[in-house]
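Let the sequences and hints guide you as you build the complete structure.
Protein sequence lines correspond, in order, to chains A and B.
Anchor point for the first sequence: position 219 equals 219 in my numbering, and the numbering is continuous, going up by one each time.
Here my numbering = 1-based position in the second sequence + 477.
Check the hints yourself; a few may be wrong.
The list that follows gives simulated cross-link-like pairs (lysine-lysine, BS3-like), each with its CA atoms no further than 27 Å apart [what the hints assert, rightly or not]:
id	chain 1	residue 1	chain 2	residue 2
1	B	Lys650	A	Lys99
2	B	Lys901	B	Lys1035
3	B	Lys990	B	Lys630
4	A	Lys325	B	Lys664
5	B	Lys576	A	Lys187
6	B	Lys588	A	Lys187
7	A	Lys203	B	Lys718
8	B	Lys576	A	Lys206
9	A	Lys233	A	Lys179
10	B	Lys685	A	Lys69
11	B	Lys607	A	Lys99
12	A	Lys99	B	Lys631
13	B	Lys995	B	Lys981
14	B	Lys718	A	Lys179
15	A	Lys294	A	Lys235
16	B	Lys685	B	Lys727
17	B	Lys588	B	Lys618
18	B	Lys653	A	Lys99
19	B	Lys961	B	Lys604
20	A	Lys325	B	Lys661
21	A	Lys233	B	Lys618
22	A	Lys153	B	Lys727
23	A	Lys294	B	Lys604
24	B	Lys664	A	Lys99
25	B	Lys588	A	Lys239
26	B	Lys919	B	Lys995
27	A	Lys235	B	Lys718
28	B	Lys981	B	Lys607
29	B	Lys661	A	Lys99
30	A	Lys153	B	Lys961
From chain B, some residues computed to sit far from chain A (all C-beta separations above 12 Å) [to be verified]:
id	residue
31	Met525
32	His532
33	Tyr537
34	Phe540
35	Asn764
36	Glu766
37	Glu826
38	His903
39	Gln908
40	Ser940
Worth flagging that the hints you see were computed from the coordinates, not collected in a lab.
Note that CB positions come from ideal geometry on N, CA and C, so glycine has one too.
Residues per chain are reported as follows:
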Amino acid sequence: MEIFDSIIKPSSVAPWFTMFESFFIRRMKQRIDDCFSRPTTGVPGRFIRCIERVSYNMNEYFTYPGAEKLCLNLSSYNYLGFAQSEGTCTDFVINNIDKWGVSSNGPRNLLGTTQLHLDTEALVARFVGKDDCIITSMGYSTNANFFNSFLNKNCLVISDELNHASIRTGVRLSGASVKPYKHNDMKVLEQLLREQISEGQPKTHKPWDKILICVEGLFSMEGTMCNLPELVKLKKKYKCYLFVDEAHSIGAMGPNGRGVCEYFGIDPNDVDVLMGTFTKSFGAAGGYIAADQKFINRLRLDLTTQNYAEPSPTPVLSQVYSSMKIIMGEMNPGEGLERLSRITFNSRYLRLGLQRLGFIVYGIADSPVVPLLLYAPSKMPAFSRLMLERNIAVVIVAYPATPLTESRVRFCISASLTKEDIDYVLRHVDEVGDMLFLKTSSGIGGGSLDGKPPRWNIEDVIAKTPEDCKDDRFFTI
Amino acid sequence: MSDLELASSEVKQNAFQMFVLNNSLTQNALFKKLYKSLEQNYVTVVIMDYIKKSHQNDPYRTFVELIVLVIGIYYIIRNSKKNSNSKKTSKVIDNLTPKEFENFLQEWEPKPLVDPLDEKDTLFKWKLNKQPVITDFKGDKVDVITLDDPQNKKTDLYNLAHYNFLKLSLNPKYSKRLTTLTNKIIKNCGVGSCGPAGFYGNEDLHYKLEYDLAKFLGSESCVLYGQDFASIPSVLSTFNKRGDIIVADKLCNVAIQNALQLSRATVYYYDHNDMDDLERYLEMVYNDEKNDGVLHRRYIVTESIFQHNGQICKLDDLIELKQKYKFRLFIDETLSIGALGKTGKGITEFYGYPDRSLVDITVGSLGNSLGTGGGFVLGDATMSFFQRIGSNAYCFSASLPPYCCGVVSDVLQILEEDQSTIEKLHYNIRQFNFLLSEKLKKVKSHFIITSNEKSPMIVLKMSDKFRSKLFDSNVSTIYESINKQQTKQHKSLIVHEPFLLEEKFIQEEVIDKLIDLKIMAGLQPYSLQHESLPLLPGFLISVDALMELEDIENITDKLCEVLGAASRK
Chain A
1 MEIFDSIIKP
11 SSVAPWFTMF
21 ESFFIRRMKQ
31 RIDDCFSRPT
41 TGVPGRFIRC
51 IERVSYNMNE
61 YFTYPGAEKL
71 CLNLSSYNYL
81 GFAQSEGTCT
91 DFVINNIDKW
101 GVSSNGPRNL
111 LGTTQLHLDT
121 EALVARFVGK
131 DDCIITSMGY
141 STNANFFNSF
151 LNKNCLVISD
161 ELNHASIRTG
171 VRLSGASVKP
181 YKHNDMKVLE
191 QLLREQISEG
201 QPKTHKPWDK
211 ILICVEGLFS
221 MEGTMCNLPE
231 LVKLKKKYKC
241 YLFVDEAHSI
251 GAMGPNGRGV
261 CEYFGIDPND
271 VDVLMGTFTK
281 SFGAAGGYIA
291 ADQKFINRLR
301 LDLTTQNYAE
311 PSPTPVLSQV
321 YSSMKIIMGE
331 MNPGEGLERL
341 SRITFNSRYL
351 RLGLQRLGFI
361 VYGIADSPVV
371 PLLLYAPSKM
381 PAFSRLMLER
391 NIAVVIVAYP
401 ATPLTESRVR
411 FCISASLTKE
421 DIDYVLRHVD
431 EVGDMLFLKT
441 SSGIGGGSLD
451 GKPPRWNIED
461 VIAKTPEDCK
471 DDRFFTI
Chain B
478 MSDLELASSE
488 VKQNAFQMFV
498 LNNSLTQNAL
508 FKKLYKSLEQ
518 NYVTVVIMDY
528 IKKSHQNDPY
538 RTFVELIVLV
548 IGIYYIIRNS
558 KKNSNSKKTS
568 KVIDNLTPKE
578 FENFLQEWEP
588 KPLVDPLDEK
598 DTLFKWKLNK
608 QPVITDFKGD
618 KVDVITLDDP
628 QNKKTDLYNL
638 AHYNFLKLSL
648 NPKYSKRLTT
658 LTNKIIKNCG
668 VGSCGPAGFY
678 GNEDLHYKLE
688 YDLAKFLGSE
698 SCVLYGQDFA
708 SIPSVLSTFN
718 KRGDIIVADK
728 LCNVAIQNAL
738 QLSRATVYYY
748 DHNDMDDLER
758 YLEMVYNDEK
768 NDGVLHRRYI
778 VTESIFQHNG
788 QICKLDDLIE
798 LKQKYKFRLF
808 IDETLSIGAL
818 GKTGKGITEF
828 YGYPDRSLVD
838 ITVGSLGNSL
848 GTGGGFVLGD
858 ATMSFFQRIG
868 SNAYCFSASL
878 PPYCCGVVSD
888 VLQILEEDQS
898 TIEKLHYNIR
908 QFNFLLSEKL
918 KKVKSHFIIT
928 SNEKSPMIVL
938 KMSDKFRSKL
948 FDSNVSTIYE
958 SINKQQTKQH
968 KSLIVHEPFL
978 LEEKFIQEEV
988 IDKLIDLKIM
998 AGLQPYSLQH
1008 ESLPLLPGFL
1018 ISVDALMELE
1028 DIENITDKLC
1038 EVLGAASRK
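See below:
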């Protein structure tokens, strides 16, 4: 293949990637490339318009015949359905563009801050229940450039093994030591904390300056939540600091959409730093860091993104502002609560439905991320292509985001889906599941009360699950 | 020996032979029995089969395999011994009773998350409260308040503190066109893209912009990022690992410094824009590698317009050196795309190259001259292909809002159709620089222009003489004390007094006075503890395409007036 010439033919400069490094890319990723990066157009709302493409020569290049395919959207992080091009939010955004323009001025600390930034920051801080917050223009960069402003090599970061790559990048940039612990295992965490406090730094055995526990509120690949009550207890007992990345949970979890703290009924002030993004529930872009006033004051001058990166543009800020007001019920009262109850129902219904059909599904009951385990990597392209034939857009997740043997398909639930949409998804996943032998659940993980492997008929599932899914009894995890 | 003895020995020998014979028979039988019992076990059959096949009447081979096995077992045993040893040594928990251990844990007191405020922080507080906030845009003028005094609104300031040199969206000729386009796209696609590029996050607008950018800037392909600042560390660390070599400019910006830290490569710094020094390093690396016989990835890393002082890199020499010593060239063009070159195509056009084939990686920004937000990376197709899989900021983050892409595509079209804006910008830069330097000479100012005369961002810094007169410090003492604090890893906050005092002086004597004269200049934004390389405080003035000649004269007049007054302190 032409594209790999540069690593195969000898030249005077070293190749970008060695043969060994690119093995996975050449031999595996390339073969299923037609399932990734599907170009779309229009709003990624209830439906998504996929642009059709034809693959040539084992996905070496594509041609685009020009047709579009309207697919049911289970792929976008559009939890509350704010990815829309009409309604209160869009009107608000378009009004604001007239006032504030579209261009950004320069970094925040170089006259890049507008009154809109300050207003939105105040609103976000009020929403998450913290003193103050800082908004940055990219979610990944929020994490990646955050830790180096208050951690140094005398500090320890204890991080969940499944934390997002941005947290890992940020911690690496800060130079702090990192100790991962087994996903959501609080006993291992406590053991690790006791060991690290008593042992101190390696070699010198000086005590650590600070210990920061990093977790995600809702893990995007697993659909599991952090055990926040236990974490807060441990944090208080051992005097560590706690950082919670609410990228997926803010807006989507909790009775009023205020994230994991509200879901578990914990005072937000017990968590030292709350970080989140606006890409998911709010249909915008960027991220925030919320903490107490003293910390944020320091960060305003310290953060590299404040001093060197471009600020959030006006339309993005306006979208955040209006969608957050709607969730809080201060704009268009009632709309926010309706969206929240829709997403709760949708995610519970799909999850229980899939479990009853006999699929293995990870995660907790209320999580809007529903990962369905495929295990064998070769089933990924098959599943994705079959679903696309049935006009459903789903995301398949492969290495490096998950282990090679735990390939999965991820359904992202949205408040803009209706019950009929979920019925449609269930019917088709049922068919595809039979074709690909995916119904392997033993019933222990959930879905059956009598302990027998659940293999319900699809009609029964659709008839009974909508009522049953409101009952916590059926969700055993 | 007697006959009898002989006979008896014969008998003995016979008996011995018989014994051996018998025994071997029994042995054979034993083996057969064993073999049969083994044959029933599947695992042993496989093992026996393997031994049979691998032996193939070649005892040497069996011998080698045996040795490998022994070494393997020895290695495993040795490792497990080591581990158990290290576990046995330092463990506080083993030396204390459980109760003592609990007390021990209780005794640990962490440092606060951020340092408590101390007396030096009056400077820090001052800096925090001096942050300007825009309350209103009035064409190219702005209304500004500061955080400490929100009631005192300074109105109708001429905005010179920005990186948006073209100001297309404020240009009356195009502002309507760009705003309507933004509204149209938002009414069609919404604001956010709601997903990473790999998972249905990239819309047709993204692909179109990637194509447009690559075509406009003369490169093979292009990859979009959500933020310019995040794209540089992500790209450089994708194509580097331990053992690779980077030769970087001493005055690179923080994004590149982060990239160097993340990349784990061996880094050499050459003196700022000093090509002889660069060649010295390149030659050294080249010879070392030649002797080693290993081919590592090697990069020269530099900026086109340096964020710290506005100098422009010497591309001709860089390309010559890169080709001579077989390096790759990485250029950060966040400030220069859209501002340098006859049609705004950046540093390569500025030096008269037809395309970008000689620059291996270019990073640019959509947030500065192109006027929305986001970053992009240009390079050849192979590099882009691998970047889409290996680069963290691309894989693990949501893609740009679609409207940003649509607007920039349109901006590129405007730039291609109509070059008057860029010509105006270049004319303004020439005029501004000429007038400013002439007038500065007249007022005997102690502020000197450090930027290149063709750079749209004009950076002014104090002269050494003035600095030593005012603060009794000079460049080397500032560098030294910053270095000292940095090596001590005061990551929480470097309150560096000489530096901040100088900043305060500039803010109060220059920028505040300029605000009174309706001009908004900006202090160069720094966060000192992230800068690992020496730098000096300064302030910047951005020339834009909307200025008229009267504006330039007016601004330079007022600027020189203020700088002259400040210099007499």
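Taking the hints in turn, this is what the structure says about them:
1. Lys650/B - Lys99/A: Judged against 27 Å, a Cα distance of about 18 Å means the pair holds.
2. Lys901/B - Lys1035/B: 22 Å, holds
3. Lys990/B - Lys630/B: 15 Å, holds
4. Lys325/A - Lys664/B: Roughly 20 Å separates the two Cα atoms, so the pair holds.
5. Lys576/B - Lys187/A: With a Cα-Cα distance of about 20 Å, the restraint between Lys576/B and Lys187/A holds, given a limit of 27 Å.
6. Lys588/B - Lys187/A: 25 Å, holds
7. Lys203/A - Lys718/B: 26 Å, holds
8. Lys576/B - Lys206/A: 22 Å, holds
9. Lys233/A - Lys179/A: Distance ~20 Å between Lys233/A and Lys179/A Cα, so the pair holds.
10. Lys685/B - Lys69/A: 19 Å, holds
11. Lys607/B - Lys99/A: Distance of about 25 Å is within 27 Å: holds.
12. Lys99/A - Lys631/B: 18 Å, holds
13. Lys995/B - Lys981/B: Distance ~20 Å between Lys995/B and Lys981/B Cα, so the pair holds.
14. Lys718/B - Lys179/A: 22 Å, holds
15. Lys294/A - Lys235/A: 20 Å, holds
16. Lys685/B - Lys727/B: The hint is violated at about 37 Å.
17. Lys588/B - Lys618/B: 46 Å, violated
18. Lys653/B - Lys99/A: Distance of about 13 Å is within 27 Å: holds.
19. Lys961/B - Lys604/B: 23 Å, holds
20. Lys325/A - Lys661/B: Distance of about 24 Å is within 27 Å: holds.
21. Lys233/A - Lys618/B: 53 Å, violated
22. Lys153/A - Lys727/B: 24 Å, holds
23. Lys294/A - Lys604/B: 15 Å, holds
24. Lys664/B - Lys99/A: Given pair Lys664/B, Lys99/A holds - Cα atoms ~17 Å apart, limit 27 Å.
25. Lys588/B - Lys239/A: 10 Å, holds
26. Lys919/B - Lys995/B: 23 Å, holds
27. Lys235/A - Lys718/B: 36 Å, violated
28. Lys981/B - Lys607/B: 10 Å, holds
29. Lys661/B - Lys99/A: Given that 27 Å is the threshold and the Cα spacing comes to 17 Å, the pair holds.
30. Lys153/A - Lys961/B: 16 Å, holds
31. Met525: 31 Å, holds
32. His532: His532/B clear of chain A: closest Cβ-Cβ about 33 Å, beyond 12 Å.
33. Tyr537: It holds; Tyr537/B is separated from chain A by about 32 Å at its closest Cβ, greater than 12 Å.
34. Phe540: Holds, because the least Cβ-Cβ distance between Phe540/B and chain A comes to about 32 Å, which exceeds 12 Å.
35. Asn764: Non-interface label on Asn764/B holds, nearest chain A Cβ at 15 Å vs cutoff 12 Å.
36. Glu766: The assertion about Glu766/B is violated, with a minimum of 10 Å to chain A.
37. Glu826: 23 Å, holds
38. His903: 20 Å, holds
39. Gln908: 22 Å, holds
40. Ser940: 23 Å, holds
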